[in-house]
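Asks: Protein chains in written order, with UniProt numbering: chain A, 1 to 247; chain B, 1 to 333.
Keep in mind the hints are simulated off the structure, nothing from the lab. Certain hints may be false.
Dumping the calculated DSBU-like pairs for lysine-lysine here, alpha-carbon to alpha-carbon at most 35 Å [stated by the list, open to error]:
#, chain 1, residue 1, chain 2, residue 2
1, A, 209, B, 72
2, B, 13, A, 224
3, A, 74, B, 319
4, A, 74, B, 107
5, A, 96, A, 205
6, B, 107, A, 96
7, B, 107, B, 319
8, A, 143, B, 22
9, A, 72, B, 164
10, A, 118, A, 52
11, A, 224, B, 319
12, A, 175, B, 164
13, B, 319, A, 102
14, A, 105, B, 72
15, B, 22, A, 3
16, B, 13, A, 201
17, B, 164, A, 105
18, A, 118, A, 224
19, B, 13, A, 72
20, A, 74, B, 164
21, A, 3, A, 143
22, B, 164, B, 72
23, A, 72, A, 96
Ranges of calculated distance between the beta carbons of each label pair, as one might list FRET restraints [unchecked claim]:
#, chain 1, residue 1, chain 2, residue 2, range
24, A, 170, B, 294, 25 to 33 Å
25, B, 278, A, 91, 28 to 36 Å
26, B, 246, A, 150, 40 to 48 Å
27, B, 89, A, 62, 48 to 56 Å
28, B, 114, A, 109, 51 to 59 Å
To give an idea of the chain A side of the interface with chain B (calculated C-beta under 8 Å), a few residues [as the list claims (entries may be wrong)]:
#, residue
29, 117
30, 125
31, 222
32, 241
For each residue, glycine too, the CB sits at the ideal point set by N, CA and C.
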Amino acid sequence: MLKATIDAEIFRESIDAIAALVTECRLHTEEDMLVTRAVDTANVAMVSLELKSTAFDAYSATAGELGLDIAKMKNILGMMGRGDALTLNLLDEERKLELAFKGYKYSITLLDASTIRKDPSPPTIELPGKAVISGSALNNAIKAAAVISDKIALGIDPDAMTFYMEAEGDTDHIKLALGEDELVALNPVGARSLFSLDYLKDMGKVMAKADEVEVNLGVDHPVKFAFDIADGNGRVEYLLAPRIEAD
Amino acid sequence: MGVALRDIIADCKETLDLDALKGVAAIDAHNALYQFLSIIRQPDGTPLMNAEGQVTSHLTGILFRTANFVEKGIKPVYIFDGTPPTFKQETLDQRREVRTRAGNAWKEALAVGDIAEAYKQASASARVDAYVIETAQELLGLLGIPWVQAPSEGEAQAAHMAGKGSVQFAVSQDYDSLLFGSPVLVRNLTVSGRRRVRGRTITVSPERIVLANLLDYLGVSREELIEIALLTGTDYHPGVRGVGAKTALKLVRNGEFESTVAEKLPDFDPASIREFFLAPPVTDDYNLSWSAPDTDGVVAMLSGRFDFSPERVEGALEKLSVKAKQQTLDQWF
Chain A
1 MLKATIDAEI FRESIDAIAA LVTECRLHTE EDMLVTRAVD TANVAMVSLE
51 LKSTAFDAYS ATAGELGLDI AKMKNILGMM GRGDALTLNL LDEERKLELA
101 FKGYKYSITL LDASTIRKDP SPPTIELPGK AVISGSALNN AIKAAAVISD
151 KIALGIDPDA MTFYMEAEGD TDHIKLALGE DELVALNPVG ARSLFSLDYL
201 KDMGKVMAKA DEVEVNLGVD HPVKFAFDIA DGNGRVEYLL APRIEAD
Chain B
1 MGVALRDIIA DCKETLDLDA LKGVAAIDAH NALYQFLSII RQPDGTPLMN
51 AEGQVTSHLT GILFRTANFV EKGIKPVYIF DGTPPTFKQE TLDQRREVRT
101 RAGNAWKEAL AVGDIAEAYK QASASARVDA YVIETAQELL GLLGIPWVQA
151 PSEGEAQAAH MAGKGSVQFA VSQDYDSLLF GSPVLVRNLT VSGRRRVRGR
201 TITVSPERIV LANLLDYLGV SREELIEIAL LTGTDYHPGV RGVGAKTALK
251 LVRNGEFEST VAEKLPDFDP ASIREFFLAP PVTDDYNLSW SAPDTDGVVA
301 MLSGRFDFSP ERVEGALEKL SVKAKQQTLD QWF
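Please take these sequences and the hints and turn them into a complete structure.
Replies: Structure representation (structure tokens):
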């Protein structure tokens, strides 16, 4: 069971965060929050999202699971504006989710959850390096690197006390190093891994709206990005597998 | 093959772009493999082969079609035929005979240098055998694409899964899927945009038939649609000689099915075939889960054993969104 009302903008933010990686997911309804964890089809990136009941104007739910067509949801939510109240109503028997806003009433057929990839178990990875940076600065760096390359190295230099991003194109090179003054926080443990910009560009658009993004890094390990959504009433985590550095 | 309902279905076909189709597609594996084997050939009819002479046309078809589907947002699941019903034996014997005859005609055409005729006969001689099925299933496994073993007819299993909502539509060239009750049938999906039909190359687009709309349009029930098929002929019985879909529709609408059968086919008891279409053997024991392709495994199989060019294989794998040198999260879970 799920019956809830929320500012459409907040819900759109949540769906956009998921849509950056997957076109469908299993959304779990719990008594005090909505939760999902999904990996993309190639098993390269994962998104985890929690949206607490406090993010809603009204929320009442029992434990359950629904198969959501994220691509469709994203299109529908694109029609709504900030401040519009969106009412979600799960019609269990009909396997439909009703979305009502401003006189519109969408009835969305849910996907059979058993055809959607099972939620991955939470990974246990040690990522000792940590930097906290504004989402817009992170997104700008990703966009700058994408101009010359399709991959970017993210790293922490403990001697220089910097968090850096470095990209190598066929003929060009770009590096951005941020010191403690320009970061919200830094845990100076040496780290460096290479990542695909294809994935980072989509994640970057979502992260750009976050005041602070916590970046966790290791050596040739995945990167984890964590940030708040819904004024601190929700949290998103992205995990991205690295590329192999040299030929 | 299948059932000749084309004449009365024409108005209910909706032609669409591959881009417009999303969701899980249950693909009639034998139908698709047969198409790959008959179409993917050299101009003189020789199928694609590796150095050892093993046919690889079907593997080419699976790799590139699957990559295309996934890129367009279609999640395929292949349904393989199980044991055919006993009353299909006659059709199967006939098909075997046609293949053997075509195989001989192919050799004759090659001997006299008639390339067009050679291609035509070679296509007709295509055979889905145990080797084709085993290697197809092996490749699907490596690509992370699920497949289901049907207890009997694959189309019946696909229709069952579509009816349950496990898949959004059934994919086959044959209309039988509709008789088995598939709510949606999509044709022309496993073939590429351009296809040779009777020697000419034409462009084909996917077409969708929605069972409810078809029944509504014809003004018959599914049981009556099955009766129409029984009169025109199915894989299980040749039907009444000289009765096509239009005549059969008229007869069934007028309630003359029983009397026509009694008069024209006194020895035929349609009950068992009707029952087979309405309640065929199917299974709920399937697990539809898609996983990331085993890139190394696919390259080892196709380039290592079947002489595919590694560049072409990697190109297809990239469509399945696996980039070279990109690691997956598997090793960290």
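Asks: So, for every hint listed, does it hold in this structure?
Replies: Hint by hint, here is what the structure shows:
1. A/209 / B/72: holds, 30 Å
2. B/13 / A/224: Violated, because 49 Å separates the two Cα atoms, which is more than 35 Å.
3. A/74 / B/319: Holds. Residue 74 of chain A to residue 319 of chain B sits at ~23 Å (cutoff 35 Å).
4. A/74 / B/107: violated, 57 Å
5. A/96 / A/205: holds, 30 Å
6. B/107 / A/96: violated, 58 Å
7. B/107 / B/319: violated, 38 Å
8. A/143 / B/22: holds, 30 Å
9. A/72 / B/164: Satisfied, since the Cα-Cα distance of roughly 22 Å is no more than 35 Å.
10. A/118 / A/52: holds, 22 Å
11. A/224 / B/319: With Cα atoms ~26 Å apart, residue 224 of chain A and residue 319 of chain B stay inside 35 Å; holds.
12. A/175 / B/164: Between residue 175 of chain A and residue 164 of chain B the Cα gap is close to 54 Å, so the pair fails against 35 Å, i.e. violated.
13. B/319 / A/102: Roughly 40 Å between the alpha carbons, so the hint for residue 319 of chain B and residue 102 of chain A is violated.
14. A/105 / B/72: With a Cα-Cα distance of about 29 Å, the restraint between residue 105 of chain A and residue 72 of chain B holds, given a limit of 35 Å.
15. B/22 / A/3: holds, 28 Å
16. B/13 / A/201: Status violated; Cα separation ~41 Å.
17. B/164 / A/105: Distance of about 26 Å is within 35 Å: holds.
18. A/118 / A/224: Cα-Cα ~21 Å, so holds.
19. B/13 / A/72: holds, 25 Å
20. A/74 / B/164: Distance ~26 Å between residue 74 of chain A and residue 164 of chain B Cα, so the pair holds.
21. A/3 / A/143: Given pair residue 3 of chain A, residue 143 of chain A is violated - Cα atoms ~39 Å apart, limit 35 Å.
22. B/164 / B/72: holds, 24 Å
23. A/72 / A/96: holds, 13 Å
24. A/170 / B/294: 25 to 33 Å: Since the Cβ atoms of residue 170 of chain A and residue 294 of chain B sit about 30 Å apart, the hinted range of 25 to 33 Å holds.
25. B/278 / A/91: 28 to 36 Å: holds, 30 Å
26. B/246 / A/150: 40 to 48 Å: For residue 150 of chain A against residue 246 of chain B, whose Cβ atoms are near 58 Å apart, the range 40 to 48 Å is violated.
27. B/89 / A/62: 48 to 56 Å: Since the Cβ atoms of residue 89 of chain B and residue 62 of chain A sit about 54 Å apart, the hinted range of 48 to 56 Å holds.
28. B/114 / A/109: 51 to 59 Å: holds, 54 Å
29. 117: Holds - the Cβ of residue 117 of chain A comes within 8 Å of chain B, reaching about 6 Å at its closest.
30. 125: Holds: closest Cβ of chain B sits about 5 Å from residue 125 of chain A, inside 8 Å.
31. 222: holds, 6 Å
32. 241: With a minimum Cβ separation of about 5 Å from chain B (threshold 8 Å), the hint on residue 241 of chain A holds.
Checked against the numbered hints listed earlier, the structure breaks hints 2, 4, 6, 7, 12, 13, 16, 21, 26; every other hint is satisfied.
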